[in-house]
Amino acid sequence: MAVKRPGRLFEYGLNSERLLMREAGPKQDEPAKFETELGDLENRLMLSTVEKAVAWAQGSSIWPDTFGLACCAIEMMSIVSSRYDVARFGAEVFRNSPRQADLLIVSGRLSHKMAAPFRQIYDQMLEPKWVIAMGACASSGGMFNNYAVLQSVDKVVPVDIYIPGCPPRPEAVLEGIVRLQEKIKAGVPPAYEIRKTGQG
Amino acid sequence: MSPFASVPGFVEQKESFGETTVVVDRERLVEAAEHARDELGFNFFVDMTPTDYLGWGSRGVAGYWGSPPPSSTRGWEPAQRDINTPFPGSQGLPRMPEPKPKRFSVSYHLLALEQPPRRLRLKVWADEGEPVPSVVSVWPAADWFEREAWDMMGITIEGHPNLVRIIMDEDWEGHPLRKDYPLGGEPVRFSDED
Amino acid sequence: MAVVAKPAGVLATGARPYEGTKIPSPIPTVLQVDEELRESGDILEINFGPNHPSTHGVLRLVVELNGERVVGIKPMIGYLHTGFEKNMEAKTWWKAITYAPRIDYLAFQHNELVFVLAIEKLLELETPPKAVWMRTLLCELNRLHSHLVWLGTGSLEMGAISMFWYCFRERESILDLFELVAGFRMHTRYFQTGGLAEDVPVGFYAECQSFADAMPARIDEYEAMLDGQKIFLERTQGIGHLSAADAIAMGQSGPILRASGVDWDLRKRQPYLAYDQLDFDVPTRPTGDTYDRFKVRLLEMRESVRIIQQCLDGMPDGPWISDDRKVVLPPRHELHTSMESLIHHFKIVTEGYRVPEGEVYVPIESPRGEMGCYVVSDGGPRPWRVHFRAPSFVALQGTAMFVRDTLIADMIAILASLDPVMGEVDR
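Protein chains in written order, with the working numbering: chain A, 12 to 211; chain B, 12 to 205; chain C, 200 to 626.
This is chain A alone, in the form it adopts within the complex:
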């Protein structure tokens, strides 16, 4: 939004009576008491778009779902521990219910038998939702190029971030989460809006 000199607060859609209230008196053109108290508003508020503010909030408090499959799940658990501390990034609240989670970190190899429950869990998550494919097996099937392992989870769900490694170091997982935060704050839509499954 262009920075123009702000007028009255109600011009921005704030309909609080308190703000509109004026001191009773003859001088209608003078600023009301509340406005005088607030002083120069521009220096006290950050003005931004709603989208940017919302993206900032979404990215900074992205709650993962407990979807640990195999070895990568152990490294995913260790990012919660005090040495790597994913709480700094707002993602330490691992929700058990997919309905309450924003982020699905697929940590481990996805077998064919597990693919159907996995897609169900993804479907249960509410938009906006993001998927991180953690580890080589989730990104591409890893060392298991065989009948049993799905060669990348993006055959089933659209993926935002791929983290390589077998298993990736906790720092790598944190980098993946940070990059996802940057993507969100930059306004990149989640993968299901820009990408189909089975590609990339």
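Since the hints were derived computationally from the structure, they do not count as laboratory data. Just so it is clear, CB atoms sit at the ideal spot from N, CA and C, and this is done for glycine as well. Any given hint might turn out to be false.
Said to hold, decoys possible - Label pairs and their calculated CB-CB ranges:
| hint | chain 1 | residue 1 | chain 2 | residue 2 | range |
| --- | --- | --- | --- | --- | --- |
| 1 | B | GLY29 | C | GLN231 | 22 to 28 Å |
| 2 | C | GLU234 | B | TRP183 | 29 to 35 Å |
| 3 | A | GLY101 | C | PRO415 | 34 to 40 Å |
| 4 | A | TRP74 | C | SER409 | 34 to 40 Å |
| 5 | B | GLU197 | A | VAL104 | 49 to 55 Å |
| 6 | A | VAL104 | C | GLU234 | 41 to 47 Å |
Said to hold, decoys possible - Residues on chain C that point at chain B, a partial pick, calculated with CB under 8 Å:
| hint | residue |
| --- | --- |
| 7 | ILE222 |
| 8 | ILE226 |
| 9 | PRO227 |
| 10 | GLY277 |
| 11 | GLU284 |
| 12 | ALA289 |
| 13 | TRP293 |
| 14 | ALA448 |
| 15 | GLU569 |
What the hints assert, rightly or not - In silico DSBU-like pairs for lysine-lysine, Cα to Cα no more than 30 Å straight-line:
| hint | chain 1 | residue 1 | chain 2 | residue 2 |
| --- | --- | --- | --- | --- |
| 16 | C | LYS525 | C | LYS320 |
| 17 | C | LYS546 | C | LYS290 |
| 18 | B | LYS25 | C | LYS467 |
| 19 | C | LYS546 | C | LYS320 |
| 20 | C | LYS467 | C | LYS329 |
| 21 | B | LYS190 | C | LYS329 |
| 22 | B | LYS113 | C | LYS290 |
| 23 | B | LYS111 | C | LYS320 |
| 24 | B | LYS190 | C | LYS546 |
| 25 | C | LYS294 | B | LYS190 |
| 26 | C | LYS290 | B | LYS111 |
| 27 | C | LYS494 | C | LYS429 |
| 28 | C | LYS525 | B | LYS25 |
| 29 | C | LYS290 | B | LYS190 |
Start from chain A and add chains B and C according to the hints.
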């Protein structure tokens, strides 16, 4: 006379690498199992492994075994293998491994929980379509192992109370660990290909 | 040793075998609801998993409840099947070792160890003493690692959330040691046929010593946090009782068997590596309930620290890998001078070393129990058949037996005490 000769359905006994393998007749497996548990004391069921020998011996394998050179710093003695001894393949010539009687073998690994512990491998041979009797009545620990043998190798276990797929999907077709079942997977694409 | 009661009749006639034991019948791994109870219409069938916070990975349990009481249970596995055994058949012996640690991903070096021991048994290859002692040290560190993760997550499932952070703090120290010695935190791939892949780096022994000095105090902390806590005791004592006879009948091994009073540890009974030269105790507990299973593992952690200390004291010098050039890569400086070394290097790297024809079964004591590797070789450069006998597979088989007549909250505690790792269950 070895203690295993009295096992019902005894076919042969082999000793190799410090392990005893007793091959029994497939039809008398349950009796042999009960004999092993009660008379011989193998009360602990360790493992059951089916193996598919389809294609065994179709590729020749060359053996070329020698010993490490003498070393004054080593401080320990490795096994001495002389390439001049007449063991098949020791001259670098190709040879075929020993042929197997049937396509599938099922090996039951047993343990006697005593001091010193005794281990035994009970083996049966089966062809495609020949069922192997279930030993769940003898050792209940064999339950999931037998289901896995059916699921992954297609060996029908006769008398099993719950013979359904355990590892693969319920509606999976085929038995993955068989040698004629492909490894699967996808060809790897490289970024400079189209 | 007590033997399981001989079944009363043939299963096909509908007779009920395993009478007098806790093992359900006719299917020993599925607890079925009594007919009268099912008629009463009070049964609720619930599905736990495969994605569940408390089932230790992708285990699916179909549980039938009568109120809060578990009256029927059917465990379903296979959600993490990776095709290890078939994949290892397609790779050379060298490359197949890389697959092994991912089977039981908490005690990863035990899987490498058992596979490498099987190859060495077929090859009749001796490993130098330094490699033997170093393998012992690393396996005990791995046992500590596995028990720490189990303790952290097991307590987390029962609600003792702080344990998780304490255990993972120690786990990070152990992973630092692994990174120092092998270059990577998990799945180190440090065990090679014939010994170790590389020499032990400078500074490792000092770091390991300071860890071994600090660890007993930490284990005291864990015991203080759990043992003295009334809620934990109430949730675990008297729950999930398993008698020794039932444990033996269902093939349980490791801490589960030792918690039921059976003194069976392969490190003492069938020693491998350097365990016969080490002085340590095997903790057993009499009752066989969930608390005893927890306590056995806590006590085992103490013994592991003792073993680590002894390994550090007695670590021999010398080569870290065997000399056998047919199997082991020659040292690089030799490649400049010796033609035979060059050829050996070429053959080992391109074709792979050949392992003589035969079949072996090698058992070791992993943190979960008896882990075994059955290898069939046809004399070629690739395995013909590899099978891992996973202790968690057998432990989960007994789920129906363990949770018979318990409440649903107790089921979670019992599962936590079984310590299953789904990677080795489904392979």
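A quick look at each hint next to the structure:
1. Remark: the range hint 22 to 28 Å for GLY29 of chain B to GLN231 of chain C is contradicted by a beta-carbon distance near 43 Å.
2. Taken as a hint, the range 29 to 35 Å holds for the pair GLU234 of chain C and TRP183 of chain B, whose Cβ atoms sit roughly 32 Å apart.
3. One distance hint, 34 to 40 Å for the beta-carbon pair GLY101 of chain A and PRO415 of chain C, holds here, with the actual separation near 37 Å.
4. For the pair TRP74 of chain A and SER409 of chain C, the supplied restraint of 34 to 40 Å holds, since their beta-carbon distance comes to about 38 Å.
5. Taken as a hint, the range 49 to 55 Å is violated for the pair GLU197 of chain B and VAL104 of chain A, whose Cβ atoms sit roughly 36 Å apart.
6. Here the CB-CB span from VAL104 of chain A to GLU234 of chain C is close to 46 Å, well matched to the stated 41 to 47 Å.
7. A cut of 8 Å between beta carbons decides the hint on ILE222 of chain C: the least distance to chain B is about 5 Å, and the hint holds.
8. Evaluation of the ILE226 of chain C hint against chain B yields a held restraint, the C-beta minimum of about 5 Å falling below 8 Å.
9. With a cut of 8 Å, the hint placing PRO227 of chain C at the interface with chain B holds, because the nearest CB-to-CB distance is about 4 Å.
10. Proximity of GLY277 of chain C to chain B holds as hinted, the smallest CB-CB distance being about 4 Å (cut-off 8 Å).
11. Of the supplied interface hints, the one on GLU284 of chain C holds, with its beta-carbon coming within about 6 Å of a beta-carbon of chain B, less than 8 Å.
12. Restraint check, ALA289 of chain C versus chain B: the minimum CB separation of about 5 Å is within 8 Å; hint holds.
13. A least Cβ separation of about 17 Å between TRP293 of chain C and chain B goes past the 8 Å threshold, and the interface hint is therefore violated.
14. Hint status for ALA448 of chain C: holds, given a least beta-carbon distance of 6 Å to chain B, under 8 Å.
15. This hint holds: GLU569 of chain C has a C-beta 7 Å from the nearest C-beta of chain B, less than the 8 Å allowed.
16. Under the criterion of a C-alpha separation no larger than 30 Å, the hint pairing LYS525 of chain C with LYS320 of chain C is consistent with the structure, at around 15 Å.
17. Taking the CA atoms of LYS546 of chain C and LYS290 of chain C, the gap is about 15 Å. The hint holds against a cut of 30 Å.
18. A C-alpha spacing of about 27 Å is found between LYS25 of chain B and LYS467 of chain C, which places the hinted pair at or below 30 Å, so the restraint holds.
19. In summary, the hint linking LYS546 of chain C to LYS320 of chain C is supported, as the alpha carbons are separated by about 21 Å, within the 30 Å threshold.
20. Between the alpha carbons of LYS467 of chain C and LYS329 of chain C the distance comes to roughly 21 Å, so the proposed pair stays at or under 30 Å and holds.
21. Between LYS190 of chain B and LYS329 of chain C, the direct Cα distance comes to roughly 40 Å. Violation of the 30 Å bound is thereby established for this hinted pair.
22. For the suggested pair LYS113 of chain B and LYS290 of chain C, the alpha carbons sit about 25 Å apart, so the restraint of at most 30 Å is met.
23. Under the criterion of a C-alpha separation no larger than 30 Å, the hint pairing LYS111 of chain B with LYS320 of chain C is consistent with the structure, at around 22 Å.
24. Distance restraint check for LYS190 of chain B and LYS546 of chain C: the Cα-Cα separation of roughly 26 Å lies within the 30 Å cut-off, and the hinted pair is therefore satisfied.
25. Of the pairs offered as hints, the one joining LYS294 of chain C and LYS190 of chain B holds, with about 20 Å between alpha carbons and a cut-off of 30 Å not exceeded.
26. Only pairs whose Cα atoms come within 30 Å are accepted, and LYS290 of chain C paired with LYS111 of chain B is accepted, the gap being roughly 23 Å.
27. Between LYS494 of chain C and LYS429 of chain C the CA atoms are separated by roughly 15 Å; this keeps the pair inside 30 Å, and the hint holds.
28. Only pairs whose Cα atoms come within 30 Å are accepted, and LYS525 of chain C paired with LYS25 of chain B is accepted, the gap being roughly 28 Å.
29. At most 30 Å may separate the alpha-carbon atoms for a hinted pair to count; LYS290 of chain C and LYS190 of chain B meet this at roughly 14 Å.
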